[in-house]
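Residue numbers (the numbering used here), protein chains in the order written: chain A, 1 to 174; chain X, 1 to 305.
None of these hints come from the bench; they were simulated from the model.
The reader is advised that the hints may include incorrect statements.
Said to hold, decoys possible - DSSO-like cross-link-like pairs, simulated, lysine-lysine; straight-line CA separation at most 30 Å:
| id | chain 1 | residue 1 | chain 2 | residue 2 |
| --- | --- | --- | --- | --- |
| 1 | A | 41 | X | 226 |
| 2 | X | 85 | A | 113 |
| 3 | A | 41 | X | 85 |
| 4 | A | 124 | X | 95 |
| 5 | X | 59 | A | 93 |
| 6 | X | 182 | A | 109 |
| 7 | A | 93 | X | 205 |
| 8 | A | 113 | X | 59 |
| 9 | X | 59 | A | 41 |
| 10 | X | 179 | A | 41 |
| 11 | A | 113 | X | 243 |
| 12 | A | 120 | X | 85 |
| 13 | X | 95 | A | 113 |
| 14 | X | 182 | A | 41 |
| 15 | X | 243 | A | 120 |
| 16 | X | 179 | A | 124 |
| 17 | X | 95 | A | 109 |
| 18 | A | 137 | X | 85 |
| 19 | X | 85 | A | 109 |
| 20 | X | 205 | A | 41 |
| 21 | X | 205 | A | 120 |
| 22 | X | 138 | A | 124 |
| 23 | X | 243 | A | 109 |
| 24 | X | 129 | A | 93 |
| 25 | X | 129 | A | 109 |
| 26 | X | 179 | A | 93 |
| 27 | A | 124 | X | 182 |
| 28 | X | 243 | A | 137 |
| 29 | A | 58 | X | 129 |
| 30 | A | 124 | X | 205 |
| 31 | X | 138 | A | 120 |
| 32 | A | 113 | X | 62 |
| 33 | X | 59 | A | 120 |
| 34 | X | 129 | A | 120 |
If you're wondering where the values come from, they're calculated on a predicted model, not measured in any experiment.
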Amino acid sequence: MSSYKHLIVAALSIGAISVSSPAALQCAPVPDSITLNQNGKLFSPFTFNHAKHIQSIKECADCHHHTTGTLVLDPNCARCHQNSSPTAVVSCKGCHSATPFSPETLAAKRADKQRYHLDKMGLKGAMHQNCIGCHNKMGNGPTGCQDCHPRTTEGAAFYSTNRKGAKPAHAEEE
Amino acid sequence: MKRRNFLKACLIGGTTIALGKTNKGWASGSFEGYPEAMGVLVDTTRCIGCRSCEAACNKEQKLPEPDTSFDDPSVFEHDRRPTSKAYTVVNRYQKEQPSGPVYRKVQCNHCNEPACLTSCFVNAYTKTKEGAVIYNSKVCVGCRNCMIACPFNVPGYDYDSATNPIVKKCILCYDTRLKYGKPPACVEICPQEALTFGHRADLIKLAHERIRATPDRYVDHVYGEKEVGGTSWLYLAPVGFDKLGFDTTLSNDPIISNVKDFLGMVPMVLSIWPALFSGIHLLAKHEEQGGHGHDTDSNQEDTKP
């Protein structure tokens, strides 16, 4: 657990990090809107309203963990990251791999014996769990598969949507 | 298939198993699975029932178009089993609970010591070093011993190809992906990363670590770690596995070691009897349900000539 110790030492040496004022961030500028799913095949790219989310949620840590320097909220993460400092990388795709199960990623994980976080999700999983998880919990915000990103033609074929209602039995929907 | 034919097939299967057995040379109880075997950890607390895995499987394995689209939630009204046309299905449980429904993906679990393999008298099955249980459909004679032997009731029977009746099931995308180190199609598509692909040994550690880190989220059990000698597919669940349609009565011993304990051929035939009876029982049940289409299997049973 030597890397854990380093982390603690690093956190302590920085001392009190700005925990409440995101405005104090010196790193990447905070974008108002971001195009997500840019390389989508089955679903289209769409615009994520960052500013509106910040306004209604207020807590950067709901999405960014401790990486933007605000106090981490998830009790599971707070066990170790109560005093963690902001990170250089803030964008999800900078940490959550787009190919979490490729032979290369798996080999790198296996080789990195020091690492605590061996169970870090891929980008797609991190996004959907974060976004849909909160929308479900708050009972507000889109959760259906086409609510954020409409299907492409390829997506329609993939889900065999032309077969809709092909079977008359149990035809009723939600 | 007529019941009489079925009986005959089973009997032939039963006796021939006994003959074939010795050639396979399994070392009793010593096989812990290949060290480099891969697997998939299914975290049912993450699954939201979008059925993308079913769609991905259908396309990857070039299976026939489904009866109804893959975004049709009405399929959840009935429990489904994998069939020769759908190697994986998602079922819904705990619908009435305040904590919301729990979804469970079902497919071949790719046992460390597969009962299908040991029950197959033409040696159609192979457990690859990557962990997949694959089969050679060219040698399959359609005896359905594997269907009876499978503790998870997985292999599906293809009634459509009358000339070459064969058993079909999930092969972990061995031919197109696993062989090259790539994750199966269902894992790759899953938006929630409810499916985690990796070395089976690592996945077991991850699973226990998830339970340890968030004990409120899970029951303290990894299904498939020990069951029937261990399976490549592993499951985590928020409620007792029995509530999600898992068979929690299975022993930790592989199905074959029951068979191996007997020495001669005669007891071997005897050992197939319970399986045979359960086969008859299943057939009888299908006949009772005839026409109601409670599951795809009985539909198939009805539509064949």
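Consistency of the hints with the structure:
With a C-alpha separation of about 39 Å, the suggested pairing of residue 41 of chain A with residue 226 of chain X is violated against the 30 Å cut-off. Only pairs whose Cα atoms come within 30 Å are accepted, and residue 85 of chain X paired with residue 113 of chain A is rejected, the gap being roughly 42 Å. Using a Cα cut-off of 30 Å, the hinted pair residue 41 of chain A and residue 85 of chain X holds, with the two alpha carbons roughly 25 Å apart. Of the pairs offered as hints, the one joining residue 124 of chain A and residue 95 of chain X holds, with about 26 Å between alpha carbons and a cut-off of 30 Å not exceeded.
Between residue 59 of chain X and residue 93 of chain A the CA atoms are separated by roughly 28 Å; this keeps the pair inside 30 Å, and the hint holds. Under the criterion of a C-alpha separation no larger than 30 Å, the hint pairing residue 182 of chain X with residue 109 of chain A is consistent with the structure, at around 15 Å. Of the supplied pair hints, the one linking residue 93 of chain A and residue 205 of chain X holds, its CA atoms being roughly 25 Å apart against a limit of 30 Å. Distance hint between residue 113 of chain A and residue 59 of chain X is unfulfilled; the C-alpha atoms sit about 37 Å from each other, more than 30 Å.
Restraint check for residue 59 of chain X and residue 41 of chain A: satisfied, since their Cα atoms lie roughly 15 Å apart, inside the 30 Å limit. This hinted pair checks out: residue 179 of chain X and residue 41 of chain A have alpha carbons roughly 25 Å apart, not beyond 30 Å. Distance check on the hinted pair: residue 113 of chain A and residue 243 of chain X sit about 37 Å apart at the alpha-carbon level, beyond 30 Å; violated. Of the pairs offered as hints, the one joining residue 120 of chain A and residue 85 of chain X is violated, with about 34 Å between alpha carbons and a cut-off of 30 Å exceeded.
Taking the CA atoms of residue 95 of chain X and residue 113 of chain A, the gap is near 41 Å; set against the 30 Å cutoff, the hint is violated. Distance check on the hinted pair: residue 182 of chain X and residue 41 of chain A sit about 19 Å apart at the alpha-carbon level, within 30 Å; holds. Of the supplied pair hints, the one linking residue 243 of chain X and residue 120 of chain A holds, its CA atoms being roughly 29 Å apart against a limit of 30 Å. Between residue 179 of chain X and residue 124 of chain A the CA atoms are separated by roughly 24 Å; this keeps the pair inside 30 Å, and the hint holds.
This hinted pair does not check out: residue 95 of chain X and residue 109 of chain A have alpha carbons roughly 37 Å apart, beyond 30 Å. Using a Cα cut-off of 30 Å, the hinted pair residue 137 of chain A and residue 85 of chain X is violated, with the two alpha carbons roughly 36 Å apart. Between the alpha carbons of residue 85 of chain X and residue 109 of chain A the distance comes to roughly 36 Å, so the proposed pair goes past 30 Å and is violated. Taking the CA atoms of residue 205 of chain X and residue 41 of chain A, the gap is about 33 Å. The hint is violated against a cut of 30 Å.
Restraint check: the Cα-Cα separation between residue 205 of chain X and residue 120 of chain A comes to about 14 Å, which is no more than 30 Å; the hinted pair holds. About 39 Å separates the Cα atoms of residue 138 of chain X and residue 124 of chain A, which puts this hinted pair outside 30 Å; it is violated. The hinted pair formed by residue 243 of chain X and residue 109 of chain A fails the criterion: a straight-line CA distance of about 34 Å is larger than 30 Å. Annotation: proposed proximity of residue 129 of chain X to residue 93 of chain A is violated, straight-line Cα distance about 33 Å (limit 30 Å).
Of the pairs offered as hints, the one joining residue 129 of chain X and residue 109 of chain A holds, with about 21 Å between alpha carbons and a cut-off of 30 Å not exceeded. Taking the CA atoms of residue 179 of chain X and residue 93 of chain A, the gap is near 28 Å; set against the 30 Å cutoff, the hint holds. With a C-alpha separation of about 17 Å, the suggested pairing of residue 124 of chain A with residue 182 of chain X holds against the 30 Å cut-off. Using a Cα cut-off of 30 Å, the hinted pair residue 243 of chain X and residue 137 of chain A holds, with the two alpha carbons roughly 24 Å apart.
Among the hinted pairs, residue 58 of chain A with residue 129 of chain X is inconsistent with the structure: their alpha-carbon atoms are about 50 Å apart, more than 30 Å. The straight-line distance between the Cα atoms of residue 124 of chain A and residue 205 of chain X is roughly 23 Å, inside the 30 Å bound, and the hint therefore holds. Between the alpha carbons of residue 138 of chain X and residue 120 of chain A the distance comes to roughly 42 Å, so the proposed pair goes past 30 Å and is violated. Taking the CA atoms of residue 113 of chain A and residue 62 of chain X, the gap is near 40 Å; set against the 30 Å cutoff, the hint is violated.
This hinted pair checks out: residue 59 of chain X and residue 120 of chain A have alpha carbons roughly 28 Å apart, not beyond 30 Å. Under the criterion of a C-alpha separation no larger than 30 Å, the hint pairing residue 129 of chain X with residue 120 of chain A is consistent with the structure, at around 26 Å.
Figure legend: structure checked against the earlier numbered hints; hints not met, in rising order: 1, 2, 8, 11, 12, 13, 17, 18, 19, 20, 22, 23, 24, 29, 31 and 32.
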